[in-house]
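Asker: Add 22 to a position in the sequence shown, counting from 1, and you land on the number used in my numbering.
Hints were generated in silico from the structure; no laboratory data involved. Here a beta-carbon is modelled for each residue, glycine too, at the ideal position from N, C-alpha and C. The reader is advised that the hints may include incorrect statements.
Quick list of the computed label-pair ranges, beta carbon to beta carbon [said to hold, decoys possible]: (1) Glu-304 to Glu-268: 39 to 49 Å; (2) Arg-64 to Lys-277: 54 to 64 Å; (3) Ala-528 to Glu-408: 34 to 44 Å.
With a straight-line Cα cutoff of 25 Å, these simulated BS3-like cross-link-like pairs (lysine-lysine) come out [unchecked claim]: (4) Lys-703 to Lys-672; (5) Lys-479 to Lys-438; (6) Lys-103 to Lys-130; (7) Lys-289 to Lys-269; (8) Lys-289 to Lys-479; (9) Lys-131 to Lys-103; (10) Lys-384 to Lys-434; (11) Lys-126 to Lys-73; (12) Lys-277 to Lys-289; (13) Lys-564 to Lys-550; (14) Lys-190 to Lys-40; (15) Lys-438 to Lys-277; (16) Lys-190 to Lys-204; (17) Lys-190 to Lys-131; (18) Lys-303 to Lys-384; (19) Lys-479 to Lys-384; (20) Lys-269 to Lys-384; (21) Lys-126 to Lys-40; (22) Lys-73 to Lys-190; (23) Lys-130 to Lys-190.
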Amino acid sequence: MDSILDRPIQYLTGIGQKRAELLASEIGVATFGDMLMHIPFRYVDRSRIYKIAEIGDELSSQYIQVRARVQDVGIVGHGAKARLAAVVADDTGEMDMVWFRGTKYILKKLEAGREYIFFGRPTIFNGSPNMAHPEFEPPIAVEGQEPVGMQGIYSTTERLSSIGLGTKAIFNAMRTLWAAVKDHIPETLPACLLEQERLVGRAQALHDIHFPASAEALNAAMRRLKFEELFVIQLQLLGQRRVRTEKTRGYLMPKIGDYFNLFYREKLPFALTGAQQRVIKEIRGDMVSGHQMNRLMQGDVGSGKTIVALLCVLIAADNGFQSAIMAPTEILATQHYRSITELVETTGLRVELLTGSTRRKKREEIAQGLLTGEIDLLIGTHALIEDTVRFARLGFVVIDEQHRFGVMQRAKLRLKSTGLPPHVLVMTATPIPRTLAMTLYGDLDVSMIDELPPGRKPVRTSHARESHRLRLFGFLREQIDQGRQVYIVYPLIQESEKMDVANLEAGAEVIAREFPPPRYTSVVVHGKMPARLKDYGMELFKEGQAQILISTTVIEVGVNVPNATVMVIESAERFGLSQLHQLRGRVGRGGDQSYCILMTGDKLSTEARRRMEAMVSTTDGFRLSELDLQLRGAGDIDGTAQSGQGIEIKVSDLARDGALLEHARSVAERILADDPHLEDKRNVLLRAALERLNRQKQAEVDLSQIS
Numbered sequence: 023m024d025s026i027l028d029r030p031i032q033y034l035t036g037i038g039q040k041r042a043e044l045l046a047s048e049i050g051v052a053t054f055g056d057m058l059m060h061i062p063f064r065y066v067d068r069s070r071i072y073k074i075a076e077i078g079d080e081l082s083s084q085y086i087q088v089r090a091r092v093q094d095v096g097i098v099g100h101g102a103k104a105r106l107a108a109v110v111a112d113d114t115g116e117m118d119m120v121w122f123r124g125t126k127y128i129l130k131k132l133e134a135g136r137e138y139i140f141f142g143r144p145t146i147f148n149g150s151p152n153m154a155h156p157e158f159e160p161p162i163a164v165e166g167q168e169p170v171g172m173q174g175i176y177s178t179t180e181r182l183s184s185i186g187l188g189t190k191a192i193f194n195a196m197r198t199l200w201a202a203v204k205d206h207i208p209e210t211l212p213a214c215l216l217e218q219e220r221l222v223g224r225a226q227a228l229h230d231i232h233f234p235a236s237a238e239a240l241n242a243a244m245r246r247l248k249f250e251e252l253f254v255i256q257l258q259l260l261g262q263r264r265v266r267t268e269k270t271r272g273y274l275m276p277k278i279g280d281y282f283n284l285f286y287r288e289k290l291p292f293a294l295t296g297a298q299q300r301v302i303k304e305i306r307g308d309m310v311s312g313h314q315m316n317r318l319m320q321g322d323v324g325s326g327k328t329i330v331a332l333l334c335v336l337i338a339a340d341n342g343f344q345s346a347i348m349a350p351t352e353i354l355a356t357q358h359y360r361s362i363t364e365l366v367e368t369t370g371l372r373v374e375l376l377t378g379s380t381r382r383k384k385r386e387e388i389a390q391g392l393l394t395g396e397i398d399l400l401i402g403t404h405a406l407i408e409d410t411v412r413f414a415r416l417g418f419v420v421i422d423e424q425h426r427f428g429v430m431q432r433a434k435l436r437l438k439s440t441g442l443p444p445h446v447l448v449m450t451a452t453p454i455p456r457t458l459a460m461t462l463y464g465d466l467d468v469s470m471i472d473e474l475p476p477g478r479k480p481v482r483t484s485h486a487r488e489s490h491r492l493r494l495f496g497f498l499r500e501q502i503d504q505g506r507q508v509y510i511v512y513p514l515i516q517e518s519e520k521m522d523v524a525n526l527e528a529g530a531e532v533i534a535r536e537f538p539p540p541r542y543t544s545v546v547v548h549g550k551m552p553a554r555l556k557d558y559g560m561e562l563f564k565e566g567q568a569q570i571l572i573s574t575t576v577i578e579v580g581v582n583v584p585n586a587t588v589m590v591i592e593s594a595e596r597f598g599l600s601q602l603h604q605l606r607g608r609v610g611r612g613g614d615q616s617y618c619i620l621m622t623g624d625k626l627s628t629e630a631r632r633r634m635e636a637m638v639s640t641t642d643g644f645r646l647s648e649l650d651l652q653l654r655g656a657g658d659i660d661g662t663a664q665s666g667q668g669i670e671i672k673v674s675d676l677a678r679d680g681a682l683l684e685h686a687r688s689v690a691e692r693i694l695a696d697d698p699h700l701e702d703k704r705n706v707l708l709r710a711a712l713e714r715l716n717r718q719k720q721a722e723v724d725l726s727q728i729s
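Sequences and hints are given; from them, build the entire structure.
Answerer: Structural data, given as structure tokens:
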């Protein structure tokens, strides 16, 4: 018999089919269980009623309650500008209430001379308090119900609010839901674990997360639900890792031969850093373990990840295996191809490039070379996973900027091996906070290159506003006159009426005026250009024939022009920290001092100002990633959405719950060490929880295949 928690939400009293459809499409609530896990994003104290005279700036924009009598109420204005206005009063003063939507409906419910409890966020206008769109109900209705202590504020949407499902309506629906499900909530964690971790039961936690009688009850409920969420995810990830390391055989690559030795002795352009040597040793350990490698290599921009990947490709070649490097863009794939072929030209290693632009005849030649084993390394884009691409003996795969590929794309590349699965090294230059890495990549082994090559000068970063524009142009002329090159990056291609930001088209006109030919040459590159024009512009800049590259963020990843020493980021407040740091990484790649200039408007939000201050204060990508997580939350961090990852964080906050995550992981490790297959009767509930999570993951993968 199905659980009541699986019942479609349309069957909850007061919902119905139309509201159910919107709940599913707007906030992902399709069942009673989904609704129960729609957790309030904050809480207000409904136990206290404020006097009007108490309302001042310190209460502005906080949710409060006022008990007051309606003095006057009526429609003000006409047509689209019509609004419902009311004057209410208690024994300490008067305040205004105003509604802009649903005015006729509200007017029927609001009577002059009657007393109501008004609930909303007050503001102060001309020294007097007012409240827009407050909820209200007669005091007798409040007094007749079970007392409300802390009331949850639920996230909703404009479309849901328009059909009567605002935050208060969702709260009332939650009361109805709780009455239906409170006796049907199964426990999901073993009793011994609840006792050991001092956790409240699941039913108690779900009641107190929605209807907490006190802050203490809310904290206990939060801790229980967060621990369970993080713990089960870690249990799944660690279980997957155990299966891979214990059961998935991998190719043995014990030999260090001529390819590696010749390159290391004669072609390596610089001495490896200690961090690079350590990571190569970790990868080498995987290659001789007899198990398939799945390793994430993190490294800040310019830390030398590509040279590490190439050395491992050479080890694979020494052992008779082919390798593949998959990059997200043609620009990055082409750059990898050019730099690697130049490095290995005297070693005898055959390297080929395959992208969407590769001509048919060349594709046929590559296909033949892969099947005969003559091609040692194939570098390319998504073209590598086409059905026509087959390898004779693929043993080593590198996926660059891997967060830009979906799960199915990565899996297809792994399946190109005809025997055992190839060793897989995924690389990212986007520093990932420790807590996020443990959640997104907890089933991978992680290596970090946390050291820059010697001789690299830190990029000097400054924040400038529009009033500094002429000084900026003067500085750019100085740099160009010294033989240097400049990037200027814009967030938009065309002007947007909704966003008051600089745009590439207008910017290109200004630059052409300030830096006129023939003395100066500037090129424009953006993602909507035909590939040949984009490549032509990039080539002019790389070859030094153009001094200024005006671009959108298409140059964020992978462009390497050591002579470019200045990065100007227009409307920098529109970018996240991670993206700003990636863009800054395009300069500072040569021996000359480089600069990053963050241009912003004069009015900045508190968060935007903190981002600019952080960029100016440090060039450490890992420090910036932690701050980005704190500022914007895990869901908004650039490039961390994992298609089909099967991980959904509903209660926890990875920016603030790092300690709890690490504790949950340690508990999961201990349980799996004692009972690897969760066969002990004490762990029956844990096994069931994992099966539910695996079913959810499989459903998401199936959906991604259909779409």
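Asker: With reference to the structure, classify each hint as holding or not holding.
Answerer: To see whether the hints hold, each was checked on the structure:
With their beta carbons about 19 Å apart, Glu-304 and Glu-268 fall outside the hinted range of 39 to 49 Å. Against the hinted window of 54 to 64 Å, the Cβ-Cβ separation of Arg-64 and Lys-277 comes to about 60 Å, which satisfies the hint. Hint check: Ala-528 to Glu-408, Cβ distance near 40 Å, so the stated range 34 to 44 Å holds. Taken as a hint, the Lys-703 and Lys-672 pair is broken in the structure, with Cα atoms around 29 Å apart against an allowance of 25 Å.
With a C-alpha separation of about 41 Å, the suggested pair Lys-479 and Lys-438 falls outside the 25 Å cut-off, and the hint is violated. Our distance criterion of 25 Å between C-alpha atoms is met by Lys-103 and Lys-130, whose separation comes to about 20 Å. With a C-alpha separation of about 38 Å, the suggested pair Lys-289 and Lys-269 falls outside the 25 Å cut-off, and the hint is violated. Taking the CA atoms of Lys-289 and Lys-479, the gap is about 24 Å. The hint holds against a cut of 25 Å.
About 21 Å separates the Cα atoms of Lys-131 and Lys-103, which keeps this hinted pair within 25 Å; it holds. With a C-alpha separation of about 22 Å, the suggested pair Lys-384 and Lys-434 falls inside the 25 Å cut-off, and the hint holds. Simply put, Lys-126 and Lys-73 have alpha-carbon atoms about 28 Å apart, too far for the 25 Å limit, and the pair is violated. Restraint check for Lys-277 and Lys-289: satisfied, since their Cα atoms lie roughly 20 Å apart, inside the 25 Å limit.
Taking the CA atoms of Lys-564 and Lys-550, the gap is near 20 Å; set against the 25 Å cutoff, the hint holds. A distance of roughly 19 Å separates the Cα atoms of Lys-190 and Lys-40; the hinted pair therefore holds under the 25 Å criterion. Only pairs whose Cα atoms come within 25 Å are accepted, and Lys-438 paired with Lys-277 is accepted, the gap being roughly 23 Å. Taking the CA atoms of Lys-190 and Lys-204, the gap is near 20 Å; set against the 25 Å cutoff, the hint holds.
For a cut-off of 25 Å, the pair hint linking Lys-190 to Lys-131 stands: about 16 Å separates their Cα positions. A C-alpha spacing of about 36 Å is found between Lys-303 and Lys-384, which places the hinted pair above 25 Å, so the restraint is violated. With a C-alpha separation of about 41 Å, the suggested pairing of Lys-479 with Lys-384 is violated against the 25 Å cut-off. Proposed proximity of Lys-269 and Lys-384 is contradicted: the alpha carbons are some 39 Å apart, above 25 Å.
With a C-alpha separation of about 23 Å, the suggested pair Lys-126 and Lys-40 falls inside the 25 Å cut-off, and the hint holds. Between Lys-73 and Lys-190 the CA atoms are separated by roughly 22 Å; this keeps the pair inside 25 Å, and the hint holds. Simply put, Lys-130 and Lys-190 have alpha-carbon atoms about 19 Å apart, close enough for the 25 Å limit, and the pair holds.
Of the numbered hints given earlier, the model fails hints 1, 4, 5, 7, 11, 18, 19 and 20; all others are met.
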